[in-house]
Amino acid sequence: QKEVEQNSGPLSVPEGAIASLNCTYSDRGSQSFFWYRQYSGKSPELIMSIYSNGDKEDGRFTAQLNKASQYVSLLIRDSQPSDSATYLCAVMLDFGNEKLTFGTGTRLTIIP
Amino acid sequence: GAGVSQSPRYKVAKRGQDVALRCDPISGHVSLFWYQQALGQGPEFLTYFQNEAQLDKSGLPSDRFFAERPEGSVSTLKIQRTQQEDSAVYLCASSFTGVINTIYFGEGSWLTVV
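Respectively, the protein sequence lines represent chains F and D. If you count the first sequence from 1, you need to add 43 to reach the numbering used here. If you count the second sequence from 1, you need to add 447 to reach the numbering used here.
No false leads were slipped in.
Think about it this way: if two alpha-carbon atoms lie no more than 27 Å apart in a straight line, the pair counts; the simulated DSSO-like pairs of lysine-lysine are:
1. F:K85 / F:K142
2. D:K504 / D:K461
3. F:K142 / D:K525
4. F:K99 / F:K110
5. F:K142 / F:K99
6. D:K461 / D:K525
7. D:K504 / F:K45
8. F:K45 / F:K99
9. D:K504 / D:K525
10. F:K85 / F:K99
11. F:K45 / F:K85
12. F:K110 / F:K142
13. D:K525 / F:K85
14. D:K504 / F:K142
15. F:K85 / D:K504
16. D:K458 / D:K504
17. D:K458 / F:K85
18. F:K45 / F:K110
19. D:K461 / F:K85
Restraint ranges, calculated between C-beta atoms of paired labels, are given here:
20. D:L502 / F:D101: 29 to 37 Å
21. F:K85 / D:R469: 14 to 22 Å
22. F:R120 / D:E499: 40 to 48 Å
23. D:Y457 / F:S63: 34 to 42 Å
24. F:K110 / D:T549: 19 to 27 Å
25. D:T549 / F:R71: 22 to 30 Å
By construction, these hints were calculated from the structure, which means they are not laboratory data. Beta carbons are placed, not taken as given, at the ideal position from N, Cα and C, and that holds for glycine.
Build the full structure now, drawing on both the sequences and the hints.
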């Protein structure tokens with residue numbers, strides 16, 4: 044079992060709809076969780092971080108964390124064509140080691 | 448520039464050739480990371496420095512891979528006797544230690560081994 048699992052997609056969502064991206068992780072001791080966006084041929088760009096159970100909202104993005112279920116998700120409201128990218132879920136085990144473990148990424152396409 | 452700078456951006460190497468990939472982190476960033484990203488996959492951790500100290504090299508796939516950061520700023524990832532399976536994008540990232548949200552990635556060095 045991979046340490047961080049994501050559905051690789053592709054996930055197609057109509058423009059203006061909500062895109063829902065999911066991620067599960069295997070190490071129950073994981074402390075910090077991140078969502079990165081990666082456009083084709085570009086570097087990963089941090090869009091959300093979350094550390095405690097519940098929801099965290101930033102503009103059109105909401106990250107949700109459930110440590111009991113070892114599950115983290117990203118919702119993108121009012122999806123735009125510019126949101127089309129690969130979304131990478133990343134997990135940091137503890138604050139003393141900044142190493143990130145990434146999932147394989149979910150490719151999201153927003154259909155105009 | 449203000450970001451993480453990597454060179455070369457693109458490298459084609461013949462199998463068996465040695466390559467060196469350079470990373471210039473953001474000024475003042477203590478932590479530096481190397482990741483390997485194969486096509487269609489997420490980045491895989493290779494190694495991690497705090498200043499000049501290599502704290503974790505557990506992700507280096509073989510003894511052909513070597514990384515250094517002798518003065519605590521610029522880092523070099525060296526791959527000896529390249530193999531086709533080494534073809535990937537090599538991403539460098541840097542951060543302020545202890546400030547979790549400040550991990551920034553460079554554009555990567557695209558290595559193709561033929």
